[in-house]
Amino acid sequence: MKLIYRILVRLSIALLVLLAIWGVLFYLAVIDEVNDEVDDSLEDYSELLITRALAGETLPDHSDGSNNYYFLSKVTPAYANTQNHIRYSDEMIYIKEKKETEPARILRTIFKDKQQQYYELTVSVPTIEKQDLQEAIWNWMLLLYITLLLLILIINTWIYYQSMRPLFVLLKWMDQYTIGKTRTPPDLQTKITEFQKLNDAAVRVVDRNQTIYEQQKQFIGNVSHELQTPLAICQNRLEMLAENENLNEEQLTEISKIQQTLSYLIRLNKSLLFLFRIENGQYQDPCQICLNDLIRTQLEDYQEIFRYKNIEVEWNPQNNLTVCMNEILATALISNLLKNAFVHNVSSGKIHIETTDSHLIICNTGRHEALDSGRLFKRFYQGKTAGEGSTGLGLSIAESICKLYHLQLRYEYNGMHCFHIE
Amino acid sequence: MKILVIEDDPSLREIICRSLEKERYITEIAPDFRTALQKTADYSYDCILLDIMLPDGNGLDLLKALKEQHKKENIIIISAKDSLEDKVSGLNLGADDYLAKPFHLAELIARVKSVIRRNHRDGINLIEFGNIQIDPDHFQVVIADQAIELNRKEYDILLYFIQRPERVINKMTLAESVWGDHIDQVDNFDFIYTQVKNLRKKLSEAGATAELKAVYGFGYKMTLQSV
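For the protein sequence lines, the chains are A and B, in the order given. Sequential numbering of the first sequence, starting at 11, is according to this note's numbering. Sequential numbering of the second sequence, starting at 8, is according to this note's numbering.
Just so you know, the hints here were simulated from the structure itself, not pulled from any lab data. Some hints here could point you the wrong way.
[Unchecked claim] With the C-beta cut set under 7 Å, the calculated list includes, among others, these residues of chain B facing chain A:
1) Asp-197
2) Phe-198
3) Gln-232
Quantities reported herein were computed from a predicted structural model and do not represent experimental measurements. Cβ atoms here follow ideal geometry from the backbone N, Cα and C, with glycine treated the same way.
Make a model of the complete structure from these sequences and hints.
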């Protein structure tokens, strides 16, 4: 959910509640004011009538054309004692002249004359229709709510996008950031402290990551380089030992085994260095390379080497697949994928290669289960079929090369293990 | 033949010297840049093995200095750096060969022999062992004055052995240098046996006086036939 939506929804709800409360209070205040005014006039009117009645003067007509009414009736003392002597109420009354019922404010006053006779005077004044008032207030509130809401939303959105602009610049910058690539820090052009702080923090974190990444990369590179000399010494001493005429067959076999392990170690080191160089972007000078030719020559070698596995290779080169790559990297990519297809294959298995002018697919038979595609390209991930001497770096190298040239390397299992490059 | 070994690691230096001395070369050593500069100024050598990373300087600077003094020594760079750029820059500065660590001793000897041979025979590059002659520039093999046809792999194998006669070669090492890096993770070396068997057959049919002897459990060795 975008922040702006969250803000707008909350504003709308808050506004709705506030305006509702305000509407109710406004209504009550208006009614109160109206009643107050009407009550005052009723009081004056009834006072006038009572004074006249007590003075024995003639009372005016029941209605004097002002829609004001009164009734004067005798009541028993018992009734008078049980009732409040001044009572206000809202009632519907029938107006004869108009021949309709209207809401009216009514004042009942009980008084007694000199003969101790109790009278009740009922005075009524037509008053405003409360339903109408409620409706009117409701309608205006609704209109106000919608107008206010629209205005507030528009203004808020505008302010939000105006003031959050530095944040968007920063977000975009962080989105585009890839570790290992140096980039200029974002230009926020802001005087707002929070954004400046956020920017500083982001740049600091990125810089620190960058440094750690560089150091780690450098460390791996240095270790690999430093290992070269001791590895050379080990290998060469073993070779000199093997030259010794006095060695028997058993000892020679042992030496051979040590040499095999050592050559694995050397290969591992070389692969790490290779990865390090690919990721360092040390392989430049791309040129047009025909992958079909590469596949053809390498396939011959692999078929010879893996003849004992009796693998059937299916390949109908249709179009020439040419890519713009560094030659060493292209060779390494094809070599790793092909080798992978041969090494992890079963005896009398199959390899299917498909080349079109936009993609390359290499499929091979193998174990009847899909591999974990999430971890497949991770360094040192070893499948269950990996034999002794496998560095676990081959696919990682292939992926690094593809990444460098923005090619997509995907794994798929459809009975055969397939690697797609697009 | 005198060879100067410029290498800071004492152990590696000792191995290289022992291995060269076995081939009847006379070796001199220089553990650092200063000594190397002094020795090259005072004496002349047939070949110089030069390590790039020295404790007190860069081997490439030494190479530049030597070329500026118009020294005719053959120089083989031995370096832990094996990237293409390093090789190109080394060779551009006038080195005759570039060998990345870790290397096989047999490889080193073959390279030393090769550069010295190139220098001494004015560019005619023939490798001989017994009555086998190989002209690597034209990929020609002559046995007992008769040219014979070999397929590519057989030729590569023969060339590899003839540059390292009388040395025991591990079959892994052989596979690595003939078939390239493809052979890691291979647990069956039948493809080597097949090629070596064919090569042996062709050699004996052509009447070669050298043969490929199997060293059981290890690899092969090229030796002269005992009469």
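To see whether the hints hold, each was checked on the structure:
At a threshold of 7 Å, the smallest CB-CB gap from Asp-197 of chain B to chain A is about 5 Å, leaving the interface hint in force. Annotation: Phe-198 of chain B was flagged as interfacial toward chain A, and the flag holds, the nearest CB pair being 5 Å apart, inside 7 Å. Contact between Gln-232 of chain B and chain A, as hinted, is not supported at the beta carbon level, the nearest pair being about 18 Å apart and thus beyond 7 Å.
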